[in-house]
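Engineer: Protein chains in written order, with my numbering: chain A, 1 to 95; chain B, 1 to 302.
Keep in mind that a hint or two might mislead.
Stated by the list, open to error - To give an idea of the chain B side of the interface with chain A (calculated C-beta under 8 Å), a few residues: (1) N105; (2) S150; (3) F151; (4) L152; (5) V228; (6) A294; (7) K301; (8) T302.
Everything labelled a hint here was simulated from the structure, so no lab data went into it. Treat the numbers as computed from the prediction; the structure is a model and nothing was measured. The beta-carbon is built from N, C-alpha and C at its ideal position, and this holds for glycine as well.
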Amino acid sequence: MITHYGYCDGSGEYYVVVDSDRCSGCGECVKICPEKALELVTEFIDLEDKTVAAVTEDKRKKIKYTCAACKPETNQTPCVLSCKTKAITCIWNPK
Amino acid sequence: MMSGSDPSKEEFWRWQEYHRIVPDIKWSSKDVITAGVDVGSVGSKAAVMVNGKAYSWGITRTGANSPESANKALDYALKDTGLKVSDLKFIVGTGYGRVNVPMANKAITEIACHAKGANYIWGPSVRTVLDVGGQDIKAIKIDETGRVVSFLMNDKCAAGTGRGMEVFADLLQIPIEDIGEISLTVEKEPEPVSCTCVAFAKTEAMGLLRKGWSKEKVLAAYTRAMAVRMANLINRVGLERELVVTGGQSKNRGIVSRIETILGVKCLPMPNWREDGLDPMVAGALGAALIGKALYEKAQKT
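The shape of chain B in the complex, shown without the other chains (with noise of 0.2 Å):
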């Protein structure tokens, strides 16, 4: 023991890794057991399908190293199924360290993923999907079959992001899973700060700290910035009904209602992936698991 604190108590950007398995549904070896790994910069998914339906997934931070953290994501996944790896048919890599991923069968921008994914989450009703990683920020619309119409990506870099967020957690030591909550407990809506870099934003932020703002004033302030960035990236590539949000913020109470503000719209009802609902976290990795499948029915035809 280095100090009397508790160090766990002090990292407010660690956010809760975890797994899931669906009950209900029962494999054998005759299904086509399916998976899809997503190594995002921030957090590392896989989601496990048994024909086609979700039936576990884990969710990692990535690690410094791509393929070690495939694995880990694919391991807590399969962790209590009883599944291993060699029954999987199909395994598809996606994301941000996507060629990193050595099991892969096959590896797929997570553009496509996502759209996938976000159509077997809410449905064939979804047009538009936002999804926000952990380093950038795109903006996808789909037709009804979760195809990729058209796709558009932040041009700049970390800020709005995940990551962006978690040094807000940090610099405000208030823990991530909280901060969505937090920055809607302000009376009035501050002005946006104006920095869209997160170094420049923290600077920026601290500025105002010392001004005598609040902490919930202050996170106000920077989580309106990136809803504002969002909102115009997706106007940029055309506001379309329904709209959702998928990757990590989609979990941000504060930037969602914020983007649904500035447009004008609701986005679909968030699953309650605390419970029994899909995560729209794992949306890149369950699109990867239901294109593997579709794949490797393909490879059986021929």
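For reference, chain A alone in the conformation it holds in the complex (with noise of 0.2 Å):
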């Protein structure tokens, strides 16, 4: 399953996206995040309950304050960078 979290606005579609099947629940990107916008959690998946990162709850709608930092590195974030099984992906489309 692929989770969008992000946001559309006057710049375009910024989204944190996190693919669960990929995702192995190492937590290293919950360690290198500045923001501190990722936690894991456990999500249902097929039957089973799996652990995996996501944006946590209360900042799935603050996604444009949060990650405003990281915004101009495009798909270079230190999230995506320190996933090693490539779950993370940081989508910018500008306007």
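Could you use the hints to bring the two separately framed chains together as a complex?
Structural biologist: Shown next, in the form of structure tokens:
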């Protein structure tokens, strides 16, 4: 399951995308995120509980502010670079 | 009696709570009877399934207390069925208040449940599900088995959701169950309101009313703005047919038909929930009950 966390505004669309099928739940991205925007959660996939990375509940609707500093790094952000299984991507489609 | 007027007539936002039992389904203690309880921000829904077939459901308003709302919804679904909570083999809690469903054997996010529920209601051809709830909008892409492929939630607040519609029903003094049809009575579609925030959109609407716009025209402008937001969300997740709408706003013809116009596709037809069809508002609860059945059977095997 691919979850898009993000927003759409005058600059275009911006998403932090987590692919929970790829995510190993190692937690490297959680440790490295300078804004502490990520956490490990239990997700229910194919009748199994799996530990995966997700944007924290309280930051989900604040990506615009939380991820602003990393946004110009287009897809070379600490979370993306720390992920060994390439489960995280950051998408910015400027208008 | 406080005054001469009937207070229920003044609550334009108040939608009808109801429960339904599907006739022709008989259960015995040997059957796998499961339930899903979907505590949303505005509505609490519960559905009971017998061997994976929808048997009964109940829809109530969510109160200030989530566990109480969950109990109320489940009791409503069980009403007149002869079933007791103890007859249920597995109960799955879902929705905004899922962690507060006291009798649930497991809590699962509403995304997975709506996906399964939409697959159950409309069948395997569904690929895109737009769930318009009381407080948020979700666009979900699913495969032919009802498994979630990808998912996107609205980034803002209550704008364009069921609660926003309730606020407008109250402002314009039009019963909530009629706002969809009434918004479609305008001869020419007005420009959508520019504000997406419910509080600001309300102020904007009051300005338009003062300018002499009819209630219908203001409602059409608001509904249009909301439909544009929903269509954008669908486009962002990637529209793939067939498209369906679940959640309370699936009953709002004004929203659904405008989404169809904007996207240029028809949604799969709405089941006749007023008579004998399934209700897309209980999609999450139905999906939860189905997942409950799968989990129960899995536990039996091991």
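Engineer: So, against the hints stated earlier in the document, which numbers end up violated here?
Structural biologist: 1, 5, 7 and 8
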